[in-house]
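Engineer: With the sequences and hints as input, model every part of the structure.
Those sequence lines, one after another, are chains F and B.
At the far end of the first sequence sits residue 424, using our numbering, and the numbering has no gaps.
At the far end of the second sequence sits residue 1287, using our numbering, and the numbering has no gaps.
To be clear, the hints were calculated from the coordinates, so they are not data collected in a lab.
You may find that some hints are simply not true.
[To be verified] 27 Å max Cα-Cα, derived BS3-like pairs, lysine-lysine: (1) Lys-145(F) with Lys-1025(B); (2) Lys-204(F) with Lys-166(F); (3) Lys-1012(B) with Lys-141(F); (4) Lys-1110(B) with Lys-166(F); (5) Lys-105(F) with Lys-1025(B); (6) Lys-1012(B) with Lys-6(F); (7) Lys-1047(B) with Lys-141(F); (8) Lys-1016(B) with Lys-6(F); (9) Lys-1025(B) with Lys-1012(B); (10) Lys-281(F) with Lys-325(F); (11) Lys-107(F) with Lys-1016(B); (12) Lys-6(F) with Lys-1025(B); (13) Lys-325(F) with Lys-204(F); (14) Lys-1281(B) with Lys-107(F); (15) Lys-307(F) with Lys-325(F); (16) Lys-307(F) with Lys-281(F); (17) Lys-105(F) with Lys-1281(B); (18) Lys-145(F) with Lys-1023(B); (19) Lys-1023(B) with Lys-105(F); (20) Lys-1076(B) with Lys-1223(B); (21) Lys-1016(B) with Lys-105(F).
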Amino acid sequence: MSSVIKVEDLSKAYQLGNFGTGTISRDLERFWARMRGKEDPFLRIGELNDRTQKGESDIVWSLKDINFEVEQGDAVGIIGRNGAGKSTLLKILSRVTSPTSGSIKVKGRVASLLEVGTGFHPELSGRENIFLNGAILGMRKAETKRKFDEIVDFAGVERYIDTPVKRYSSGMYVRLAFAVAAHLESEILIVDEVLAVGDAEFQKKCLGKMGDVSKGEGRTVLFVSHNMGSIRQLCNRGILLGNGEIVFTGGTEATIKTYMSNATIDKAAIVAGGTLTDSIKITGVAVNNIPLDVAIMPRDEIEIAVKYKCLKYLPAFRMSFSVLKDGVTVFTVQDLEECEPMEPGVYQSKIKIKKYFLRPAFYTLSVGGHNTNHTNYSIGNVEWFFAADVSSFEVLEDWSINFDFNNAGLVNILNSHGERKKIG
Amino acid sequence: MNKLDEERWDIKITPKNNLFDLKLKDVWHYRDLLVLLVRRDFVAFYKQTVLGPIWFFVQPLVTILLYNFVFANIAKISTGTIPAPVFYLAGTIIWNYFSDCLTKTSTVFKDNAAMLGKVYFPRLIMPLSIVLSNLIRFGVQFILFLLMMVIFSVKGFPIHPNLYLLLFPVLIVLIAALGLGLGMMISAVTTKYRDLSFVIGFGVPLLMYTTTVIYPLSTAEAKYPQYSWLIKYNPITVVIETFRKGFLGEGSFDWSLLAIACSATLIVLIIGTIIFNRVEKNFVDTV
Chain F
1 MSSVIKVEDL SKAYQLGNFG TGTISRDLER FWARMRGKED PFLRIGELND RTQKGESDIV
61 WSLKDINFEV EQGDAVGIIG RNGAGKSTLL KILSRVTSPT SGSIKVKGRV ASLLEVGTGF
121 HPELSGRENI FLNGAILGMR KAETKRKFDE IVDFAGVERY IDTPVKRYSS GMYVRLAFAV
181 AAHLESEILI VDEVLAVGDA EFQKKCLGKM GDVSKGEGRT VLFVSHNMGS IRQLCNRGIL
241 LGNGEIVFTG GTEATIKTYM SNATIDKAAI VAGGTLTDSI KITGVAVNNI PLDVAIMPRD
301 EIEIAVKYKC LKYLPAFRMS FSVLKDGVTV FTVQDLEECE PMEPGVYQSK IKIKKYFLRP
361 AFYTLSVGGH NTNHTNYSIG NVEWFFAADV SSFEVLEDWS INFDFNNAGL VNILNSHGER
421 KKIG
Chain B
1001 MNKLDEERWD IKITPKNNLF DLKLKDVWHY RDLLVLLVRR DFVAFYKQTV LGPIWFFVQP
1061 LVTILLYNFV FANIAKISTG TIPAPVFYLA GTIIWNYFSD CLTKTSTVFK DNAAMLGKVY
1121 FPRLIMPLSI VLSNLIRFGV QFILFLLMMV IFSVKGFPIH PNLYLLLFPV LIVLIAALGL
1181 GLGMMISAVT TKYRDLSFVI GFGVPLLMYT TTVIYPLSTA EAKYPQYSWL IKYNPITVVI
1241 ETFRKGFLGE GSFDWSLLAI ACSATLIVLI IGTIIFNRVE KNFVDTV
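Structural biologist: This is the structure we're talking about:
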């Protein structure tokens, strides 16, 4: 096997904050430094891109000295937290922007799908947009013509093909757009998280199509997603990015495992969003009294506990726990049946999951909470916070034959069965 | 072995562009896109309108009507022996072509950021499509001009087309190249500093008065002998005057002026291309 993508010492710096004012003088300074053959004065301060920490300089390295190779026919999943540099990497690979230093060498045609429907014009019909979008992605007209029926068929919009796309439902729009891209004849396909749109059935179809592309046709696929399920289904290799550096490369399972356990190592990195972020501070999360990467036997009860500080009086508050598998929420439960008043102080909220309920898999945990004003209930009156990926645990493969009849599904419903009677 | 290894790669992504590498091979590969973009501009222009492509005529017609009223009748600026409407139309369609190319190209990165930020194709396609779709507009308006010429010469006005009209293709290339070159130079700046797009917004219409759209060069020379060189050496004046000379038989024409205009345009185009090439790589981060 020969490598078709070779990334060498790739770095990309971004300037933070507002540029506009003050940049002319800075540009001049930069220009002057370059004239004298010196290094760019504003690039020298190399800082890691950790968005949770306030940095010294407003230059940030979104990617720093990335090196990897991809071989022909590989399907590589690129994973990492938000801001790890995944999208920047894809942008450079698809030549939308250029690196600050380093180089990438590519063999073959690259088709990149950072967004579906780029260049779609709302006034033009589906037919016209297929040709336009195909051309934007680098297809010759004859090529698009040859694949036209296949594209329309895949998108399932035959009836609307001569209607302006502004009359399409958003689902039809996305399907048509993906269909064009999926039928590109390229040796390398780069896909950002575009599948998040569209319904489940279509997502499955897209994943199937991409699987065909890499396994059947021997093409190379680079795929960014937060959905570990799709990564697992599609990819045979993984690259884990963290703060602009490669943290791990290897098989898909190993990479996902590293990501899942890494995701909670840094407690400072629990990033919460929402209007209550300043009132509720999470200080610790533990699954069966262990803070992270807990391995649990199916026969064990699972206890999830969150410790937090409440900084102001909340008239009606309760905490929600969501357990997710591969980005899909398995269930959500609250610590209290009803929202109740909470005085400032230190609290611990707990939930318990019955033994044998969760099937063997990796699970991640998100927590959130809301303070509801019942007298005037509308979205604007709900104060909330939400923190994703605060912890993770694994239910090990020790599933007793007594409880696992066909090894399918997310959860096991204990002691439940239907009935059968002869009616004729 | 190393050399062999270097050669087997198709695409190399590096921080810097070669300034003179226009990637014309890439542009050629994407020629279908160019055609489709031009078509898109043209079709989208009159979708959901009743009059459709007739709108292309309306703007120049209303413009020359107003010019006729203000400059010919109120201000009494002589247009020589040529009837005022034809005189104005000749200048207006050329000026419009230039200013459309310039203003659209100068904000090409800003206007198309959503598309250019998501997919790669040779960036040069974008300004080229602007120049071409405006050329179609110009073509439609040119037909209007020919119609008017015929109408007025049937009415007995002295309109004498002559051999100079063979220069017409050169004039079109000149105007397009000048608009494109200047636009690309400005586009580099507007991506980062939006200020300039405001200047373009009110500056370009004013610039029209430094060309001979609404007055003949001879009048300007007679009234402002010491400043008229500004108007005379303006490449757009040269184009308009040559155009009038060829199609209408009146206008100042000078081979040396045309040569100067050509070289100025060439220089502008080269500088514009170099600047454009520099900016296209990273504009996504600043736009």
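Engineer: Against each hint, give a clear statement of whether it holds in the structure.
Structural biologist: Structure-based check of all given hints:
no. : hint                         : verdict
1   : Lys-145(F) with Lys-1025(B)  : holds, 23 Å
2   : Lys-204(F) with Lys-166(F)   : holds, 25 Å
3   : Lys-1012(B) with Lys-141(F)  : holds, 26 Å
4   : Lys-1110(B) with Lys-166(F)  : holds, 23 Å
5   : Lys-105(F) with Lys-1025(B)  : holds, 19 Å
6   : Lys-1012(B) with Lys-6(F)    : holds, 10 Å
7   : Lys-1047(B) with Lys-141(F)  : holds, 23 Å
8   : Lys-1016(B) with Lys-6(F)    : holds, 18 Å
9   : Lys-1025(B) with Lys-1012(B) : holds, 15 Å
10  : Lys-281(F) with Lys-325(F)   : holds, 25 Å
11  : Lys-107(F) with Lys-1016(B)  : holds, 20 Å
12  : Lys-6(F) with Lys-1025(B)    : holds, 24 Å
13  : Lys-325(F) with Lys-204(F)   : holds, 17 Å
14  : Lys-1281(B) with Lys-107(F)  : holds, 20 Å
15  : Lys-307(F) with Lys-325(F)   : holds, 23 Å
16  : Lys-307(F) with Lys-281(F)   : holds, 9 Å
17  : Lys-105(F) with Lys-1281(B)  : holds, 16 Å
18  : Lys-145(F) with Lys-1023(B)  : holds, 26 Å
19  : Lys-1023(B) with Lys-105(F)  : holds, 17 Å
20  : Lys-1076(B) with Lys-1223(B) : holds, 14 Å
21  : Lys-1016(B) with Lys-105(F)  : holds, 14 Å
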